[in-house]
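Chemist: Protein chains in written order, with our numbering: chain C, 1 to 543; chain D, 544 to 1072.
Be a bit skeptical, because a hint or two may be false.
[Said to hold, decoys possible] With a straight-line cut-off of 27 Å between C-alpha atoms, the simulated DSSO-like cross-links for lysine-lysine are:
(1) C:K427 x D:K564
(2) D:K917 x C:K427
(3) C:K427 x D:K709
(4) D:K564 x D:K647
Just so you know, the hints here were simulated from the structure itself, not pulled from any lab data.
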Amino acid sequence: MSPLSAVLTEGAVLAQGPARLDPPPIDYAAILPLLVVLGGACIAVLVEAFLPRHQRWPAQVALSILTIGVAGLSLGLYAGGEPIGTTTLADALAIDGPTLFLWGTLLALGLGSILLIADRSVEPGGAFVASAASRAAVGGGVNGGPVDDPEDRSYGMVGQAPTMQTEVFPFTLFALAGMMTFCAANDLLTMFVALEVLSLPLYLMCGLARRRRLLSQEAAVKYFLLGAFASAFFLYGLALLYGYAGSVKLADIATAAAGSAKSDSLLLGGLALLVVGLLFKGSVGPFHTWTPDVYQGAPTPVTAFMAACTKVAAFGAILRVLYVAFGDTRWEWRGVLWAVAIASMVIGAVIGLTQTDVKRMVAYSSIAHAGFLLLGAMSITEQGVSGTLFYLLAYGFTTLAVFGVISLVRDADGEATHLSQWAGLAKRSPIVAAVMTFLLLALAGIPLTSGFTAKFAVFAAALGDGMGPLVIVALVASAVAAFFYLRVIVMMYFSEPAADGPSVTVPGAFTTAAITLGVLVTLLLGILPTLALGWAGSSGFVG
Amino acid sequence: MLLLILLVLPLVGALVVAPLKNNAATAKLVALAFALASLVLTAVTWFSYSIAEGAPRFQLELSVPWIPAFGTSFALGVDGIALVMLALIAVLVPIVMGFSWEEKLPEGRTAAGFFSLLLATQGLLVGVFAATDVFLFYVFFEAMLVPMYFMIGRFGGPRRQYAAVKFFLYSLFGGLIMLASVIGLYVVSGAELGQATFTWVELQRMAASVDETTQIWLFIGFFVAFAIKAPLVPFHTWLPDAGAEAPVGAGVLLVGVLDKVGTFGFLRYCLPLFPLASQRLAPLVLTLAVIGILYGALLAVGQSDMKRFVSYTSIAHFGFIALGIFAFSSQAFAGATLYMVNHGISTGMLFIVVGLVIARGGSRLIADYGGVHKVAPLLAGTFLVAGLSSLALPGTNSFISEFLVLVGSYPRQPVYTILATVGIIFAALYVLWVYQRTMQGPLRGSAVLGALEPAGGPGAMIDPDVAAKKAGTGFPDLSGREIAVLTPLIVLVLVLGFFPGPVLDVITPSVMATLHEVGLPDPVGGLSQ
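Model the full structure from these sequences, guided by the hints.
Modeler: In structure tokens:
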């Protein structure tokens, strides 16, 4: 092209004026799983609006499972084509090895959670209602009472089991889409939007419990208020980083940090605030305070969803931020995260000892596990990334199955989550007790379970990156935490059952499937982790 | 392949037996069949192991890549030391099953559960001794806690929950400390060899080039785990509780084999992998060992509970084994290894005999018995044989090993050896005194009298509770089954007492190799083969 024609072309472009803006190229194949989930969520809203109430549950369940299935299929097809890492939507999303792994994990865990949520046999009619207030207003109840509003069948006709409130399905899908965006986000603004997309449905889902509604609503409000604070922190950090780097893209921040003589206070201040927001979502201590209350108060299937998927998404984002944007400045911030990791492990392990409620206990266990995960996320090495990814996969499935089992142990007042109510469970239902024991041993990190392989991967990465003392602290914390897992086993196996103790509900097909899925993955990743480790370590971040 | 079958067979047995809850007789027979099959297989293994000059140290090897990302493989293989331990397990498990045949289990527990756990323990123990990959070893090391935990916690005595949790937490804590060292070893091997690995042979080859400070840190991790398992003195407090509360069958395996993993670990992992650190820290370990010998013996003298008594004698014996291992001479090594076998036999037998006495009297207290010899002479006789073997009387198996340890330790460590010798005197004291109090003299003690007198008789006046429970059941001598269980042990005690040669022949080449790996000359000029 001659200089003249170049000038002419340029002139032509200018002549067209600012009205024409080239849209960024979109790699539809790469982001198809995300689009499918978002689309599924939108259709689910329409289903909720237009289908008669009694058709909604089957439609929603089928739609959700179909959505996740199609998304998984498209992900599998894309990943099977040996993709190289790419960014799309004007670099807003990075579709690279970790993203694909996390998406796969999220979809699989999401499927398990949907199965738990959809179950109507454990809690007659499902675990969800629209709101306690409206229920009280119509004066209906599970145990009879008049139902004034014929439209409001969710509270049941007299003598009829109430139908389940089904908004929870679109909520779940939206949250899932938010999580998928969250861990693929390649700039901070996208990440913030994704954070809100994933958080808002979660806040609502926490408050939907059919039983113990006050507790559930308290949990929702608490989660919302603290979550709003965390979002504000994140946004403030984002603003400071923009001030420092002049861009919200992770890669640009890294470039700015590497080649700049500017004062680092904006950079580190921004990082600190940003990370607080992320650590909050990952329920890392000392930003964990919402975790026990919310885990306890939320309906158990929602707790399972939060515990498994939110953790995956949050740590996916933490990994990406630390690795892509702040990898080169790690010596400046790592000391602080050391302290955070130690705090998280110690808080989780020690306060977990004093818990008497099984759900709260698992919450504290998740805080300790968040500390272990942080060890992997802090080692800015390939092993660190692959170890953390593998840990997320392993922990997600174990925890999903744990909450599945917890939802089965019930007495007349709903779930029997007090530890003393679990006494002698092995005698009443040996299979449930054996499954729970296996899962608890996995959480404790006993070999031949995924928990051990995952711990090993993460600790080896941390030790390889010079964090010896931290690994020692982590191992001591694991030993302490083992005590409270063991206590549950002692209660189930070595204690005599109480006369009026809870019974174990025979789970319906959905819950059985979810628990089986979790147990199988936990066992498989403990014995033959090679394949998953290979996926987790196949390729690094782009950006 | 032979080792793989030996490992998998009991585990399969455990799975087969576990569901037979409603049919105790079948469950027991099936379990025993699996245990005997393992025994036969172990005998085949024993004879396939070549002790010819120049035979490789590790034999019957099998190696399959397991998790390439961690550089670990499923690698099995035995040397002489591991082989004798495999033989010990294979012998003890059928005996334990024979003993537990008619044991009264706590309410609601089934024999199928107990026998299944026994087989699971056996399989995992085989894995621990046969693993030649450090990662694989660690996996079995931790996994074997689980069946033992359930055996103590479900089938044990009144304070079983406490004992089981204490046992599990101590072991798990040690194991996690060891995990730090295992990972450290892996990272160091990546730096030294260029390719991180867990293969024992390669790690051993690398050992000489690792600097001493690193070695000491890694050594400490392994040492703490093994010292808890063995147990050496500051880490021993779980054993008396676990030993006392465990059902007798589990106790035999716990003290007889499971604790040997600790001393085996010293020999297989601490010494060859960290030779410099082992030499540097040997005085510390020797001090702990001698304290263990004396302190364990003193506490054994003072025990009032028979099962705790046996546990404390074991702590003293483990002191001897540790002394032999950290004295770095071929005789002491061979003595320590032989001691591991002999202690399994003699203490296992002592445990069983004590279990038989307790089953008859219904009490664990020494003071509740007296003059048992009058009513049950065979039982008292086997008690004496077990006790004499435990105190290392010449002519019994333990004498050879204790003698080898002391002779082998003296040239390098005279002071510690002389102190340890005092322990022998204590041993005579604690064994004979217990024997005298429970077996000799006139019939006395509430348990014995209560068992003998019919309800309401004069004996009942002594302790109505005991009498009411045991009234008129009598204090029978050994039954045919019990004789069948104890005979092999007595034979082993005597045969190994007079003809230790075959066992020593198997042990010696591996022991010489270990000494070579530590890199010290043999102070006593080597064992004559």
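Chemist: Given the hint that K427 of chain C pairs with K564 of chain D, test it: the Cα-Cα distance must not exceed 27 Å.
Modeler: Roughly 13 Å separates the two Cα atoms, so the pair holds.
Chemist: Would the pair K564 of chain D and K647 of chain D pass a check requiring their Cα atoms to be no farther apart than 27 Å?
Modeler: Distance ~15 Å between K564 of chain D and K647 of chain D Cα, so the pair holds.
Chemist: When you check the alpha-carbon spacing of K427 of chain C and K709 of chain D, does it fall within 27 Å?
Modeler: Holds: K427 of chain C and K709 of chain D sit about 23 Å apart, inside 27 Å.
Chemist: Quickly compare the C-alpha distance for K917 of chain D and K427 of chain C to 27 Å and report which way the hint goes.
Modeler: Roughly 44 Å separates the two Cα atoms, so the pair is violated.
Hint compliance for this structure: hint 2 is the single one not met.
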